[in-house]
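With these hints in hand, go ahead and build the complete structure from the sequences.
2 protein chains.
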Amino acid sequence: MPTPTERRTQAQRREGTIGALLDATVSCLAERGYAATSTAAVCAEAGVSQGALFRHFPTRHALLVATASHVATRNVEAFRATVGADVDTVDDVVAVLSHLRTIVLSPANQTWRELLVAARADAELRTALLPARESLQQQMLAAAGELWGDRLTTDDLAAVLSVVVNMLDGLAFSALDPDPTAAPGRTVERALRLLAEMIVRHYPQTEPR
Amino acid sequence: MPTPTERRTQAQRREGTIGALLDATVSCLAERGYAATSTAAVCAEAGVSQGALFRHFPTRHALLVATASHVATRNVEAFRATVGADVDTVDDVVAVLSHLRTIVLSPANQTWRELLVAARADAELRTALLPARESLQQQMLAAAGELWGDRLTTDDLAAVLSVVVNMLDGLAFSALDPDPTAAPGRTVERALRLLAEMIVRHYPQTEPR
DNA sequence: ATAAAAAGTGAGCGCTCGCTATCTAAATGC
DNA sequence: GCATTTAGATAGCGAGCGCTCACTTTTTAT
Numbered sequence: 154m155p156t157p158t159e160r161r162t163q164a165q166r167r168e169g170t171i172g173a174l175l176d177a178t179v180s181c182l183a184e185r186g187y188a189a190t191s192t193a194a195v196c197a198e199a200g201v202s203q204g205a206l207f208r209h210f211p212t213r214h215a216l217l218v219a220t221a222s223h224v225a226t227r228n229v230e231a232f233r234a235t236v237g238a239d240v241d242t243v244d245d246v247v248a249v250l251s252h253l254r255t256i257v258l259s260p261a262n263q264t265w266r267e268l269l270v271a272a273r274a275d276a277e278l279r280t281a282l283l284p285a286r287e288s289l290q291q292q293m294l295a296a297a298g299e300l301w302g303d304r305l306t307t308d309d310l311a312a313v314l315s316v317v318v319n320m321l322d323g324l325a326f327s328a329l330d331p332d333p334t335a336a337p338g339r340t341v342e343r344a345l346r347l348l349a350e351m352i353v354r355h356y357p358q359t360e361p362r
Numbered sequence: 154m155p156t157p158t159e160r161r162t163q164a165q166r167r168e169g170t171i172g173a174l175l176d177a178t179v180s181c182l183a184e185r186g187y188a189a190t191s192t193a194a195v196c197a198e199a200g201v202s203q204g205a206l207f208r209h210f211p212t213r214h215a216l217l218v219a220t221a222s223h224v225a226t227r228n229v230e231a232f233r234a235t236v237g238a239d240v241d242t243v244d245d246v247v248a249v250l251s252h253l254r255t256i257v258l259s260p261a262n263q264t265w266r267e268l269l270v271a272a273r274a275d276a277e278l279r280t281a282l283l284p285a286r287e288s289l290q291q292q293m294l295a296a297a298g299e300l301w302g303d304r305l306t307t308d309d310l311a312a313v314l315s316v317v318v319n320m321l322d323g324l325a326f327s328a329l330d331p332d333p334t335a336a337p338g339r340t341v342e343r344a345l346r347l348l349a350e351m352i353v354r355h356y357p358q359t360e361p362r
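Residue numbers (the working numbering), protein chains in the order written: chain A, 154 to 362; chain B, 154 to 362.
Heads up, a few of these hints could be off.
Said to hold, decoys possible - Label pairs and their calculated CB-CB ranges:
| hint | chain 1 | residue 1 | chain 2 | residue 2 | range |
| --- | --- | --- | --- | --- | --- |
| 1 | B | A194 | A | A219 | 21 to 31 Å |
| 2 | B | R208 | A | D309 | 52 to 62 Å |
| 3 | A | P260 | B | A194 | 24 to 34 Å |
| 4 | B | E299 | A | P260 | 32 to 42 Å |
| 5 | B | D245 | A | G172 | 51 to 61 Å |
As the list claims (entries may be wrong) - Only some residues are given here: those of chain A computed to face chain B with a beta carbon under 7 Å:
| hint | residue |
| --- | --- |
| 6 | G186 |
| 7 | S222 |
| 8 | A312 |
| 9 | D322 |
| 10 | L348 |
Keep in mind the hints are simulated off the structure, nothing from the lab. Ideal placement from N, C-alpha and C gives every residue a C-beta, glycine not left out.
Here it is, written out as structure tokens:
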């Protein structure tokens, strides 16, 4: 006799399969890419039938948009978690940048980037992703403000944030190798340290606390 | 009677259609994205039949790889053309960065980036693109060395190049709007100027010429 | 207990994909 | 001039795509 599968309410069943589908979409996008994330692949990964998918999401587009906002909240939470340590020396900034880099290389961020790239050629997806993009940027700015808000103006903060996250995103795009630490020549580490040095030199600490 | 179509050698015909196919692939990738760049779409854009495509390229993969090296040479040429002006003041560096940004947003670079993203989920494409990637990076480093080689060591040059091009690539990925100049708040311009200021402060000019 | 509603299944439809086979047109070697 | 080789056109094949529909299973309301 198989396990009698304890009773669940309809809301619980619904929530469960929707969550499984969203998680499956995230991992599919992160490790197979946008084109290979077919509805069949997602359903296989989630362990449900295609009919179940199309009951909760009217179209593939809707599934992807829902996944986008799903990972967007995760991403901003991961970013906020980075904030917290004091950053005074160059080494402190290097540590923050390295930590940010691992976050940027996480599956959730890979997923987000994959959707952003797909949105460039897809007007519907682009407009659907717009609110999440703006909210994400705003929340990241707010989180950064809690860390360095006493040293930089909001404009400067936005500028340095743009430099840092865009550089890390660019690195993530050009880092095709599965093992990013085995980069030849350590130019990435050098670049991150250079950026840290430039930042602390340009925005020296106001005074020791 | 239709135009009698002046006589061409077989080599000329071959070269002509191959060039048309490569150019069509570039524009398709740049404005429709990787997934929508089907063999039918490329042939329609190039004005040839599918049979003609598969005569010269055994598979879609081969067409894309050929297109990759095609645009790679264009990109390094465009980058070299940027080198030439003296860069002493912050405004000079800002001008160079802005020019680099327009290059990075060009169709040839969009194509290259689209292929890079697709290569992340495609092992064959990834290995096929590897030599072009390395040669591109090396040539860009050499070109940068001609401009700033007298001020920076090779390692420092590689680091600052990594920071600059990765940030510009990241900007290109997050710039989904067709009109990049109409960005809200001018944070991009602020970020570019900040980066320029940090660079000239960190690497001051040795002496006036 | 039973009817209604919601959740989940799986076969399959129309369509487009990359690619092939068969053909005609054009250039080349003799 | 004629046979051979090369370039290009066209129809269509098998596979996979997003998605629908008739159906069963599970929960809910009475």
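Results of checking the hints against the structure:
| no. | hint | result |
| --- | --- | --- |
| 1 | B:A194 with A:A219: 21 to 31 Å | 29 Å, holds |
| 2 | B:R208 with A:D309: 52 to 62 Å | 58 Å, holds |
| 3 | A:P260 with B:A194: 24 to 34 Å | 31 Å, holds |
| 4 | B:E299 with A:P260: 32 to 42 Å | 41 Å, holds |
| 5 | B:D245 with A:G172: 51 to 61 Å | 53 Å, holds |
| 6 | G186 | 3 Å, holds |
| 7 | S222 | 16 Å, violated |
| 8 | A312 | 4 Å, holds |
| 9 | D322 | 4 Å, holds |
| 10 | L348 | 5 Å, holds |
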